[in-house]
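J.: Given the coordinates of chain A, work out where chain B should sit on it, guided by the hints.
Number of protein chains: 2
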Amino acid sequence: MPTNHIIVLDHRPEAAPSAGNFKMITAETPALQEGQVLVRHHFLSLDPYMRGRMNAGKNYAQPQPLGEVMIGGTVGEVVESHHPKFKMGETVLCMGGWQEYSVINATLPGALKHIDTEKIAISHYLGAVGMPGVTAWYGLVKIIHAKPGSTVTVSAASGAVGSAFGALAKARGLRVVGIAGGKAKCHYVVNELGFDACIDYKEHPDYVSLAKALKEACPNGIDGHFENVGGMVLDAVMLRVNDFARIAVCGMIAGYNGEPLVMTNPSVILRSRMTLEGFIVSEHMEVWPEALAELSNLIASKRFAPKETVTQGLAAAPEAFMGLLKGQNFGKQLVKLI
Amino acid sequence: MPTNHIIVLDHRPEAAPSAGNFKMITAETPALQEGQVLVRHHFLSLDPYMRGRMNAGKNYAQPQPLGEVMIGGTVGEVVESHHPKFKMGETVLCMGGWQEYSVINATLPGALKHIDTEKIAISHYLGAVGMPGVTAWYGLVKIIHAKPGSTVTVSAASGAVGSAFGALAKARGLRVVGIAGGKAKCHYVVNELGFDACIDYKEHPDYVSLAKALKEACPNGIDGHFENVGGMVLDAVMLRVNDFARIAVCGMIAGYNGEPLVMTNPSVILRSRMTLEGFIVSEHMEVWPEALAELSNLIASKRFAPKETVTQGLAAAPEAFMGLLKGQNFGKQLVKLI
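Protein sequences, first through last, are from chains A and B.
The opening position of the first sequence corresponds to residue 0 in numbering that gives the first Met the number 0, with each subsequent residue numbered one higher.
The opening position of the second sequence corresponds to residue 0 in numbering that gives the first Met the number 0, with each subsequent residue numbered one higher.
Bound-form chain A, shown alone (with noise of 0.2 Å):
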């Protein structure tokens, strides 16, 4: 059996997290049961949601446990075989976790998919035709439900959820906002993925500031928004909102780390007559295949080219994580495991 190269969360962080949190480790990979196949990943993909799995307390899903390998969403190749409907060479997504290699029970129901790379590049599995695509689509088409003609905003605009948003507002004919951190970020977000503005949080000291660069860039104010981050940049939002604004709650990234995240006007709530509805897309499983379906075709057909920032090397996942933390992937992080 392969050697494999298992990361794991060796303690918790006292407040921001450091690659210090994590520790390699080394195993055979074990003898396979019946039912079980061994991955090889190409891809083990980063997003946000694994920083509040890092902390013990109480959160939507269990803490990571200490000790063993981290979780993650992984794509590759099937090496070994156990189970009749799984072959040797067939490209598979799974969560297999912050390693090389990974056993899955493919007796589960969904722990193992094909995936078809003739049309769509095996890295966007991860991503826009993934688990941050189908987050934007639930967010857009399930509890913002834009109507066309209306102007929806998204926090984090460049990364894997925010341009993912992007395409689908446009495919819906909307008026699509993003708010990013750095000029780079921003022109990508409109030159590249078709924005019809972005605005660079970074250059703006207060939510008052930007909510002014906000009136600006949403001159029929806002109907809809995605939150990806919270703090300033909901503040800012909620003093532009339009009565019977719609707003998916999907990451409060800027309050990780432990830092006081108040909301600073929630009398909008009711003065807006607005919605707040926080969400986490694997507990909506039954819009996976319609979100899917929709997003594999955009991408298919080239309307929607979504970047990635590839770090190579398992080793190298810890601190690729703590760049995303900061901001300073571009797009979809992923880390390339052959």
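There's no promise every hint is true.
Unchecked claim - To give an idea of the chain A side of the interface with chain B (calculated C-beta under 7 Å), a few residues:
1) L31
2) Q32
3) G34
4) R171
5) V261
6) L269
Just so you know, the hints here were simulated from the structure itself, not pulled from any lab data.
Only a predicted model underlies this, so the values are computations on that prediction, with no experimental measurement involved.
Here a beta-carbon is modelled for each residue, glycine too, at the ideal position from N, C-alpha and C.
T.: Same frame as chain A, now just chain B:
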């Protein structure tokens, strides 16, 4: 024509309002034109929403114009009519404002309504069988839509909206826990209104302390909450919500005077996949018949006997309104005008 006393908004409050913001004037009631009805008011309703109208700033409704009769719901009798559907002596409901008489254009749909005072006292049409009752109904049924056996909470529990919310929740077999200010109100909420428990927020120095009391009163957590107050109460509730909790935001009276009113832990929206929804009941006229039918039934069958605080005479309305804003009333605040 009879002489009318009228209270107008004289100038807007700088921060906290006072009775001095209002002014009483005297005028003859005008001669009626075709389609108009002269109503002599028996009761004027005082409601927290009026506070918002005193400010000049953007709100969900137009500000109360200075120098004009202050907005308000009224019940009374027809004393003169130039409309075939309304006859002298009939009891009616209208938005007559802070005055003794009003001239209503009865040709406008919904401007003047007959009310049946055989089984239900006339004053209840301004409370439990009126706007406050329908407000409670909308929040509970259309926003919270709690499952049987679940736990719901409401702030300002002894007030017109809160007490109706409790009655409607108990009729659905829910556990309902109130939050109110002072021992007497809490005693009334439990022993007369039939809530399962009521917490005196004045006994708690901060939201963490209040959240501990909520934990005791809601051992299975909070599934739905009806917010009349905001601030510390909402912060405390958000520490105790169950996954997928739903919060109907009806009032943020804690911030009406411009005090900073933040939401301390908005990340709970994501963590608990909560929904918060602001609403004003006048935008949902389609539910009124169904809501009023249920509320009338509860009152007529004496399963719900809401308390009223009745202040005598129009001149006392401004002070009574200041008392309402400070929570000095007990149940529905009315002004008796005859």
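J.: A separate judgement is required for each hint: does it hold in the structure or not?
T.: So, going through the hints one by one against the coordinates:
no.	hint	in the structure
1	L31	36 Å, violated
2	Q32	34 Å, violated
3	G34	32 Å, violated
4	R171	23 Å, violated
5	V261	4 Å, holds
6	L269	4 Å, holds
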